[in-house]
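Engineer: Each chain, written out:
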Amino acid sequence: MATTGTDTRLGVPALWLLATTAITLAPHATHLPAWLSALCALLLAWRALNLWQTHAGVHRALVALVAIAVAVALKAEFGHFLGKDPGVAMLAALLCLKQLEARTARDIRAAVLLGLFLQLGLFFYEQSLPFAAIALIGTFSALLTLIALHDPDAAPRDHLRTARLLALQAAPFVVVLFVLFPRIPGPLWGLPADAWSGMTGLSDTMSPGSISQLGLSDAIAFRAQFDGSPPPPNQRYWRGPVLTDFDGRTWRALRATTNAAPAYTPRGIRYAYRLTLEPHNQTWLLALEFPGHDLPTTRHTSDFQLLADAPVRARARFDLSAFPDTPVGLDEDEAVLQAARRLPPNSNPRARALARQLGGGTASAARTLERVLAQLRDLPLTYTLRPPRLGTHSVDEFLFETQRGFCEHFASAFVFLMRAANVPARVVTGYQGGEINPVDGSMVVRQSDAHAWAEVWLPERGWVRVDPTALAAPQRIEGGLAAALPLGEPLPLLMRPALSWLRELRHRWEALSNAWNQSVLGYNADRQRQLLSRIGLPQADWRTLGALLGASAALLTLSLLGWAYLRPRHRDPLDRAWARFCDKLARKGLARLPWEGPIDYAERLAKAEPRCADAVRAIASDYARLRYGCSGDARADALARLVQRIKEFRIR
Amino acid sequence: MLPTAAGHAYAGALLVMLVASINYNLSLGHGLVFLLAALAFVSIVDAFRNLLQLAVRPGRVDPVFAGEPARFSLLVHNPRDARRPSLRLRRPPDPTAAAFSLAARHTAAITLDCPTRRRGWLPLGRVVIETTWPLGLIRAWSVLVPDLRCLVYPAPEADPPPLPDGPASGLGQDAVQRGDDDFAGLRTHQPADPPRHVAWKVVARGGPMLTKHFSGFAGGQLRLDWGGLPAQLDVEARIARLAAWVLAAQASGQPFALSLPDGCGPIGLGPRHVHDCLTRLALFAAPADGDDRD
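Quick note, the sequences are listed as chains A and B, same order. For the first sequence, our numbering begins at 1 and goes up steadily by one. For the second sequence, our numbering begins at 1 and goes up steadily by one.
The following block holds chain A by itself, in its conformation from the complex:
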């Protein structure tokens, strides 16, 4: 041992540390570069072998060399070194390396802290229930490492007991802190550029194939909890970016003006709901058409979208209302209509010709609309998630050659035809549909529900929604993607009809996740204020919170201290009585010495306090008899007498 310099008492903590590291790093494998995960696994395996067999330390120079190599490789991998992703990856490598050179208690403590940092790092990527559970297990393991480090004499069972005790004691404090610790809405300062990478969702442009990419994603885009019954499926249009500008292939949004109030007067049936939006790093809220004037923090655009005041980078909740029957855009600005008629010159000549033919001879926009719809219905167009690739004249190719497309093809072709016939029209993207989770009744809208539809402007009626996809695949609107796609198309796994039991399971799981998201992950400064006003403390600021927190923590601490002072009662009545007797005398400065038997003690007491010598001797001899001899019925009586005598015993 002397040659290695490793303290043998560190064996057990080192094993716990190894377990902590493995538990902490395993979920990181989902985002770390594969080579780094493999390197970490290799280093940990080496360490395990190391602990098991030789206890030989690894040379520090080698450790430093590997660390530098990893740093260089990470710079090459990510292109930058100071950011969230390379930072977490570097920490992971350092944690593994720290194990290899852990020789002292101090090294192990440092590694435990590194491990805790990495557990936090995991939450950058994933905060779902299973990951939280893994992190909790990792924290428990880190706790065990520290306990084993500071109590090397004990058996692992004792370590486990200590850890459990600490966890039980800490739990109420965690709850109080979580609820009452003043939450500060972040960020406190600028974040690294890669802070919000990896969020999926719609974008503000649309080209052929951009939405069908989302079609295969099962990820949840948002949830809606309706007060009362939800709107029927054909009114579940969740409005996202409105795309007016077209260059022949790609649709782009025009800059819209924003206002605190909507540009229309809400009318008709009102649906009130709570929208819980998954972070997508954009400002649009994907409100159900058409949102009422609900929240002061949101803005209404001139193209009827609802926007947040900042990109949604954390799961956020909004209490909104929708009026699907509201007529919108009755007195639309002429500039907007002009933009909605504009087409790039020389693009898609065949579609242009078709539109001129359909729009010719009639002045009515409504009539043109009917004709265009009839024409689209007549074309043998197929709805598919795997549309063929299209070239420059995407509308022509779709309408007359490939005739297979996803919603963006349909919307794009329809709007093109309408514009070519001189009717203002535009593409609207967003989500269409939503599935009610039977477990908790919330409506779940997934990325696969992403959709593109169209709006045309008709005099007297304003902007009217037209969903050209419905012409080719009416089931898409009523029954969702799975119902609309022809047989044999690839579907997200859980949309396949054969797997209904799995879907049932998923419903339950998602209801649980939803509850987790709402109550734990979504707990922020706003929710904290709401909670406090519900318990009768409106306008609570950080001072109120601090006072509440202090009071609750003080109460908990007092009860904990009460527990600490608690002296366990002797279970045996004889022991209890004898302890009481000894305590009485101890208060007079005549404590029993630990090695003193009852008779010896009584003799000493008799000498010190001759006046109660007889009583003391009698008690001691009774106790000795009951303790070391005497059983049966007589014992109970004798015991009762002894208890009584001890109770009455006084030193005069």
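You may find that some hints are simply not true.
[Claimed, not checked] Across the chosen pairs, the derived CB separations fall in these ranges:
1. A:501 / B:5: 54 to 60 Å
2. B:233 / A:651: 56 to 62 Å
3. B:9 / A:59: 24 to 30 Å
Honestly, the hints are just simulated from the structure, not real lab data. In this text, a Cβ means the ideal position worked out from N, Cα and C, and glycines have one as well.
Mind docking chain B on chain A? Use the hints.
Structural biologist: Below, chain B without anything else, positioned relative to chain A:
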């Protein structure tokens, strides 16, 4: 109740994690930080409880010669039905501690070593019982002053001259005289000893140079007299020599008496007598208690 160095590092790490959680809006990050903070906080109570109701009583202390470590024994009793792990007992300025654990309802005798320099009484003084259990983040301690002192004998002179040869005055002429008649034992060799008295058999076996010691009279008696020492020796040097002679006299097996300026002790032999003599030497014009703290 104060955080240890590891506790400070832990607190710093937690602060960084909290700022990261706020910055990235991580609800679970808040949760993790709160969990870790709560664990550290309840570990304060657990550390405190680990010391609570411990009974520390003085144990035995054997006299030592100055220069040897005094070994104070303390009896630490755990009245609780649970183990108390990772306790440490130490004398405050001294960082080395006796580490121990106590089983349920168990008493342990813990020995604290403490260096001695000067003869006289050495009180144990302030003792700290402390624990960093369970997480090593918090140090809980309790100061106690056990009523415990150690008698420190004077350090015997390293290379003392041979025992005085002359008869013990006041005990009769020729009462004690070293002679050649009866073998009385062995003592360490002095350069002045005649070579024929060297115990060559012992040397041949690889042992030390010893001188065979013979008494002229049966039960020869020896008087170790303060006044008989050379005048140039100061008080401590005299005491050191007398202490060495007490030991030498005991080793030679001659009954001896110790005469100090404050009186002449009885004649005797045996451990008890040696102890009495050394105690007189230790406490002769002794420095006051507590002066020996370093």
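Engineer: Taking the numbered hints from earlier one at a time, note which ones the structure violates and give those numbers from smallest to largest.
Structural biologist: none
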